[in-house]
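K.L.:
Each protein sequence line maps, in turn, to chains R and H. Be aware that the first sequence starts at 1, since it is given in this note's numbering, and climbs by one per residue. Be aware that the second sequence starts at 1, since it is given in this note's numbering, and climbs by one per residue.
Be careful, since some hints might not be right.
Said to hold, decoys possible - The calculated DSS-like cross-link candidates involving lysine-lysine, where the alpha carbons are at most 30 angstroms apart (straight line), are:
no.: 1; chain 1: R; residue 1: Lys59; chain 2: R; residue 2: Lys79
no.: 2; chain 1: H; residue 1: Lys49; chain 2: R; residue 2: Lys106
no.: 3; chain 1: R; residue 1: Lys130; chain 2: R; residue 2: Lys79
no.: 4; chain 1: R; residue 1: Lys106; chain 2: R; residue 2: Lys58
no.: 5; chain 1: R; residue 1: Lys58; chain 2: R; residue 2: Lys161
no.: 6; chain 1: H; residue 1: Lys49; chain 2: R; residue 2: Lys59
no.: 7; chain 1: R; residue 1: Lys130; chain 2: R; residue 2: Lys59
no.: 8; chain 1: R; residue 1: Lys161; chain 2: R; residue 2: Lys79
no.: 9; chain 1: R; residue 1: Lys161; chain 2: H; residue 2: Lys49
What the hints assert, rightly or not - To list a few chain H residues with every Cβ distance to chain R over 12 angstroms, as calculated:
no.: 10; residue: Ala19
no.: 11; residue: Gly25
no.: 12; residue: Tyr26
no.: 13; residue: Trp35
no.: 14; residue: Val38
no.: 15; residue: Leu39
no.: 16; residue: Lys49
Honestly, the hints are just simulated from the structure, not real lab data. C-beta atoms are modelled at their ideal positions from N, C-alpha and C, and glycine is treated no differently.
Spelled out, the chains give:
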Amino acid sequence: METDFLLSYIQNVFDVFSQGSFAVFAGVMALGGWLVIVWLLFFAGLHLYGEMLEDRYKKDWEWVLLAIDVPIENVQTPKAVEQTFNHLAGALENASFPEQYIYGHKQRWFSFEIISIEGYIQFLIRTERKFYDLVVASIYAQYPNAEVIEVEDYVNNVPEKYPNEFYNIWGADFGLAEHEAFPLRMYEQFKNSIGKDIVLSDPMGTFLESFSRIGAGE
Amino acid sequence: MSDNSYRLVVSVIGTLAGAFIFFGGYVAGTHGWWWAGVLVLALFPIINKLISH
Chain R
1 METDFLLSYI
11 QNVFDVFSQG
21 SFAVFAGVMA
31 LGGWLVIVWL
41 LFFAGLHLYG
51 EMLEDRYKKD
61 WEWVLLAIDV
71 PIENVQTPKA
81 VEQTFNHLAG
91 ALENASFPEQ
101 YIYGHKQRWF
111 SFEIISIEGY
121 IQFLIRTERK
131 FYDLVVASIY
141 AQYPNAEVIE
151 VEDYVNNVPE
161 KYPNEFYNIW
171 GADFGLAEHE
181 AFPLRMYEQF
191 KNSIGKDIVL
201 SDPMGTFLES
211 FSRIGAGE
Chain H
1 MSDNSYRLVV
11 SVIGTLAGAF
21 IFFGGYVAGT
31 HGWWWAGVLV
41 LALFPIINKL
51 ISH
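Generate the whole structure from the sequences, applying the supplied hints.
P.N.:
Following this line, the structure appears as structure tokens:
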């Protein structure tokens with residue numbers, strides 16, 4: 001019985017392809033081809049629907065840019081930065097199914113930036129207004145003497161198109177030196193003992209030094 | 001894309017999917033139920049309303 005059905009199905013397929021193009025199309029549809037198209041349309045529609053919900057969810061978000069100034073006498077190890085990141089992990093929100101697929105829940109995020117404008121280095125954190133207090137608390141917890149100031153986004157003060165009459169642009173990114181299976185070098189491996197009680201541990205020293213050498217107009 | 005554009009595209013996609021499902025059934029059967037094909041057009045306003053605010 002099943003063999004008969006299979007044979008007649010194969011015969012139908014051959015019959016379909018021996019006709020004109022519209023008849024072939026109709027035949028493919030009749031033999032289940034609509035499933036493929038509907039499958040594709042379903043996922044395209046679902047993707048766009050998800051993007052629409054996300055846009056609606058993010059519509060009222062207000063971003064703030066915080067500049068962090070840590071006094072030079074505030075000696076801390078890189079462990080403090082790790083603790084700051086741990087503190088900020090509290091921002092993780094667990095969305096329920098309706099929140100995710102009906103209200104388009106989107107996890108709020110942070111961006112940590114180190115910028116140098118004409119050699120003046122600044123640590124910036126871009127966050128959504130809702131997490132302003134969380135960010136400030138996480139900084140003060142590790143750097144009690146730090147100054148956290150809300151600043152205007154520096155991106156607004158630079159040209160939109162490059163290269164232009166006055167400026168050129170150059171970019172680079174970091175890649176892994178070895179296979180990704182190798183562990184990343186942590187700040188502990190940057191420690192250098194220069195005396196019995198003095199240990200230097202500054203994994204970003206080289207990086208910041210080159211930032212401080214950025215000249216006027218750069 | 002604006003919210004209206006998203007709604008429009010998603011509604012068109014939903015209507016198209018309905019049309020393909022109908023067409024598959026129509027050509028596989030005895031070419032009956034043609035009026036159901038007309039009803040597929042109603043999917044557009046239905047989906048559009050469902051996904052509005």
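K.L.:
Decide, hint by hint, whether the structure agrees.
P.N.:
For each hint, the structure was consulted:
| no. | hint | result |
| --- | --- | --- |
| 1 | Lys59(R) with Lys79(R) | 36 angstroms, violated |
| 2 | Lys49(H) with Lys106(R) | 23 angstroms, holds |
| 3 | Lys130(R) with Lys79(R) | 26 angstroms, holds |
| 4 | Lys106(R) with Lys58(R) | 8 angstroms, holds |
| 5 | Lys58(R) with Lys161(R) | 27 angstroms, holds |
| 6 | Lys49(H) with Lys59(R) | 20 angstroms, holds |
| 7 | Lys130(R) with Lys59(R) | 14 angstroms, holds |
| 8 | Lys161(R) with Lys79(R) | 39 angstroms, violated |
| 9 | Lys161(R) with Lys49(H) | 41 angstroms, violated |
| 10 | Ala19 | 9 angstroms, violated |
| 11 | Gly25 | 8 angstroms, violated |
| 12 | Tyr26 | 9 angstroms, violated |
| 13 | Trp35 | 19 angstroms, holds |
| 14 | Val38 | 18 angstroms, holds |
| 15 | Leu39 | 17 angstroms, holds |
| 16 | Lys49 | 14 angstroms, holds |
Comparing the model with each earlier hint shows violations of hints 1, 8, 9, 10, 11, 12; every other hint is respected.
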